[in-house]
Amino acid sequence: MREKIEVAAARYPDQRSAIMPALLIAQKEHGHLPGPVLEEVADILGVERIWVYELATFYTLFRTEPVGVFHLQLCDNVSCMLRGSEDLLRHLEAVLGIEKDGTTLDGLFTLSTVECLGACEMAPVMQVGDDYHGGLDIARIDALLERLRAVTGQAIGADPATTAPPGE
Amino acid sequence: MSEPVLLRNVDVPDGHLLTTYEAGGGYQALAKAVHEHTPDEIIDLVKKSNLRGRGGAGFPTGMKWSFVPKRAGKPKYLCCNADEGEPGTFKDRIIMERDPHQLIEGMAISGYAIGAETAYVYIRGEYVLAIRRLEQALAEAHAKGYLGKRILGSDFNFTVHIHCGAGAYICGEETAMLDSLEGKRAQPRLKPPFPAVEGLYASPTVINNVETLACVPHIVARGPEWFRGIGPDKSPGPKLYCLSGQVRKPGLYELPMGIPLRELVEEHAGGPLPGRKIKAVIPGGVSAPLIPERGLDVGMDFDSLAAAGSMLGSAGVIVIDDSTCMVKVATRIIEFFHHESCGKCTPCREGLNWVVKVLRRVEAGQGAPGDLEQLEALCKGIFGNTFCALGDGAAMGLRAALTHFEHEFVAHIEARRCPFH
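So the sequences go chain by chain: A and B.
Heads up: the first sequence begins at 1 in our numbering, then just goes up one per residue.
Heads up: the second sequence begins at 1001 in our numbering, then just goes up one per residue.
Check the hints yourself; a few may be wrong.
Computed Cβ-Cβ distance ranges for the label pairs, DEER-style [as the list claims (entries may be wrong)]: (1) A:152 with B:1370: 53 to 61 angstroms; (2) B:1191 with A:36: 56 to 64 angstroms; (3) B:1191 with A:149: 28 to 36 angstroms; (4) B:1040 with A:39: 48 to 56 angstroms; (5) A:46 with B:1191: 25 to 33 angstroms; (6) A:54 with B:1357: 26 to 34 angstroms; (7) A:49 with B:1306: 45 to 53 angstroms.
Rather than coming from a laboratory, the hints here were simulated on the basis of the structure.
Glycine included, every Cβ here is placed at the ideal spot set by N, Cα and C.
If we strip away everything but chain A, and leave its shape as in the complex, we get:
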């Protein structure tokens, strides 16, 4: 982690600028950002600990609490809402047996809603890990959950069938 953070920090004339990239690196490594990790980031960069804490709690992509293996982040902003994201949320809550912001007992899935993912042409959209899944309906959600369960522990590739080209 230290080496990656130091490489990132070299891009800036001020170490404080490297806190955001460092937190992203740390989160990738640890899954979330508990206090000791934040302190380590501050020590590596040689910056005030409060500077690190305040960023970790201001920006929504930083998680100070753990999440499941798969973090299902369903967009519920206007364009996705107009294409049925509310029904998808209710369906996900029912099939996973959890409410929004909850994690399944097996630790596999955390379910969240997020603000606009910037992929409204394929609404409704859900981000899982690094990948966007668009054009979702209940059948596609079920198929996606099945695929995720099947490849637990492995990297998930984007489904080309659910990403539409522009203008279509």
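Using the hints, position chain B against chain A.
Quick look at chain B alone, frame taken from chain A:
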């Protein structure tokens, strides 16, 4: 304008690779800029083109560049605003994913024009594929000498770094973005000083949107007259329109600036879903006041939309049909702004909290007589009383819904339920 310019490569297989970009004449505009023009000449070209910022505000790009002091005694910076967070907007993501070299060439020419040697692309962290593609493209451009030291044999040095955002809409506001780049919580700064004089690390800084920068190579290659020949003279150029919501063919469309909103929605995007009628359209992301169906003949450019009481914004066009409750849409929009308020200004932070509470109870059938007056009083308390435009956008959006669809709000209160459920 039948031939796409900005979207030329997006549907081409491997459109994101340098070889594809070069095969279409890519980086020739950069070569022309550094070999045939002085930096001031490039600024003049962009001024003459009447290019206006595509991020939302529509400020003349050439004029923005000319505010950078010539002798600052400090490094100058170029920042690309790729923190595309305005709901309904996805144009910058598609450029970066499928034609990242177009952006990089635009940045290199812009950096040459303003005298910057270092640039940062502030890109939202959710855009993982765009980040990967841009990283790959930057490496390709460095290896080929389009970036780095003594670019194409000239005296111009230029390096581009990627800075990933971490989920904060407010970073789209340029001074909040600068604070974020400096490693602080993203909160807007008081202006003046403007970033061109005192921006990143208190140095002269130009901040331009992805699409704005992507226009620059074409202006250099084809000339400002070509650019001004497309769309209205005061607001010209090819434009990317993001179509989403209850419309048959959502997607990204490149069409001239100024195209009528009705033509965009009904012809290009295929009109409403089967059996539905269009009720209203949000023309420029949720900050832009909605336009009821009868107003759709307005031109999609900065001035025409401003005259119609709305704005082009990010050209995120969201279509709403007659099956949808406008109170629900307004509630969702204000919930978004409330969630994204950075907390710096009390009217926005506290005011939007109250607006959300009132809207939620109206939508739930628990509204009281006087709630609409209460909402207007809250809008009045927010609008114009904050550092940045986030609170203004929320107030303007809510006012438009209240003005054009007052009968729906009243129906909720009188019937004590949502008529759409």
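Consistency of the hints with the structure:
The supplied range of 53 to 61 angstroms is met by residue 152 (chain A) and residue 1370 (chain B), whose beta-carbon atoms lie about 54 angstroms from each other. Hint check: residue 1191 (chain B) to residue 36 (chain A), Cβ distance near 40 angstroms, so the stated range 56 to 64 angstroms is violated. Between residue 1191 (chain B) and residue 149 (chain A) the beta carbon distance is about 51 angstroms. The supplied range of 28 to 36 angstroms is therefore violated. Distance hint check for residue 1040 (chain B) and residue 39 (chain A): the Cβ-Cβ separation is about 50 angstroms, which falls inside the suggested range of 48 to 56 angstroms.
As the Cβ distance of residue 46 (chain A) to residue 1191 (chain B) is approximately 32 angstroms, the hint placing it in 25 to 33 angstroms holds. In this structure the supplied range 26 to 34 angstroms holds for residue 54 (chain A) paired with residue 1357 (chain B), their Cβ-Cβ distance being about 28 angstroms. At roughly 47 angstroms, the beta carbons of residue 49 (chain A) and residue 1306 (chain B) sit within the given window of 45 to 53 angstroms.
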